[in-house]
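A.B. asks: Heads up: the sequence lines are chains A and B, in that order. All letters in the first sequence, in the order written, are residues 1 to 141 by my numbering. All letters in the second sequence, in the order written, are residues 1001 to 1112 by my numbering.
Errors might be hidden in some of the hints.
Unchecked claim - Here are a few chain A residues that sit away from chain B, every Cβ distance over 10 Å (derived from the structure):
#	residue
1	LYS11
2	GLY23
3	THR42
4	ALA79
5	LEU106
6	ARG130
7	GLU131
Claimed, not checked - Which bits of chain B does chain A cover? Going by a derived footprint, with three or more residues having C-beta under 8 Å, they are:
#	segment
8	1022-1029
9	1044-1056
10	1064-1078
Hints in this document: simulated from the structure, not taken from any laboratory. Beta carbons are placed, not taken as given, at the ideal position from N, Cα and C, and that holds for glycine.
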Amino acid sequence: MEGNRIEVDIKVPNKTRYLSLIGRIGEDIARELEKYSGDRDTLAYHLNLVLTEAMVNAIKHAGPNEPEKLVRIIISLHASELTIRVFDDGQGFDINAIPTPNFEELEDRGRGIFLIRSLMDSVSYHKNCRENILEMKKKLS
Amino acid sequence: MNLVNETRNDVVILYVREERLDAHNSAELKSAVQKLFEDGTKNVLVDLKDVRFIDSSGLGALVSGFKNAISHQGNLKLSSLQSQVKSMFELTRLHRVFEIFPSSVEAMENFQ
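With the sequences and hints as input, model every part of the structure.
C.D. replies: Put into structure tokens, the structure is as follows:
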């Protein structure tokens, strides 16, 4: 991957059976980076995880209109900055209102966004005119 | 989901024979554990040797199982976590909640 410039734009059905496919793309990118000084296996796991969590989020928040909806994911790497965008057309939510999990209380849910925030440098969720975009960035060097 | 169930003494060992424990299959593990406790099993060991990837839903299914154990006065322990999987327990502080053993053999000794 010359110059570490990559853009992957993919759409998959909004079904959980495609999580492993999307996660594997993240793993492959981590392993194929031309320059990366950190541990590639760890990065591969982390990219697999943030893609999995973000896609689950999109599936949960997808609008009910069409049963055969697609989730669009764009992964781009430019000048050592990795940006992942995951689109959904649901009602959206306020990402800043999602609290850090209370580690003293054993909840079944509520760790997904926490994991993404822990592993990426920045996370935002905003709406453009048609859809919501979960955008995550991480500097890879 | 490929779950192999083995009973030794009074412990049910659930071997999760999947590479991923995620939002696609974790509900099955959650109900399998729930059913064990509802049917009167007191001691459950979930062995994750084959699992190389876990997400928040997979962690959630195990937390649900742990809470099920408590409400049935039972135990749920874990064994054979791969290093990346274990680091997810650490990141979410769940390593403080679960008893985690390097292998199912060591976990079995602890149940005695």
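A.B. asks: With reference to the structure, classify each hint as holding or not holding.
C.D. replies: Results of checking the hints against the structure:
| no. | hint | in the structure |
| --- | --- | --- |
| 1 | LYS11 | 18 Å, holds |
| 2 | GLY23 | 7 Å, violated |
| 3 | THR42 | 7 Å, violated |
| 4 | ALA79 | 28 Å, holds |
| 5 | LEU106 | 5 Å, violated |
| 6 | ARG130 | 25 Å, holds |
| 7 | GLU131 | 21 Å, holds |
| 8 | 1022-1029 | holds (count 3) |
| 9 | 1044-1056 | holds (count 3) |
| 10 | 1064-1078 | holds (count 3) |
Consistency with the previously given hints fails for numbers 2, 3 and 5, ordered from lowest to highest.
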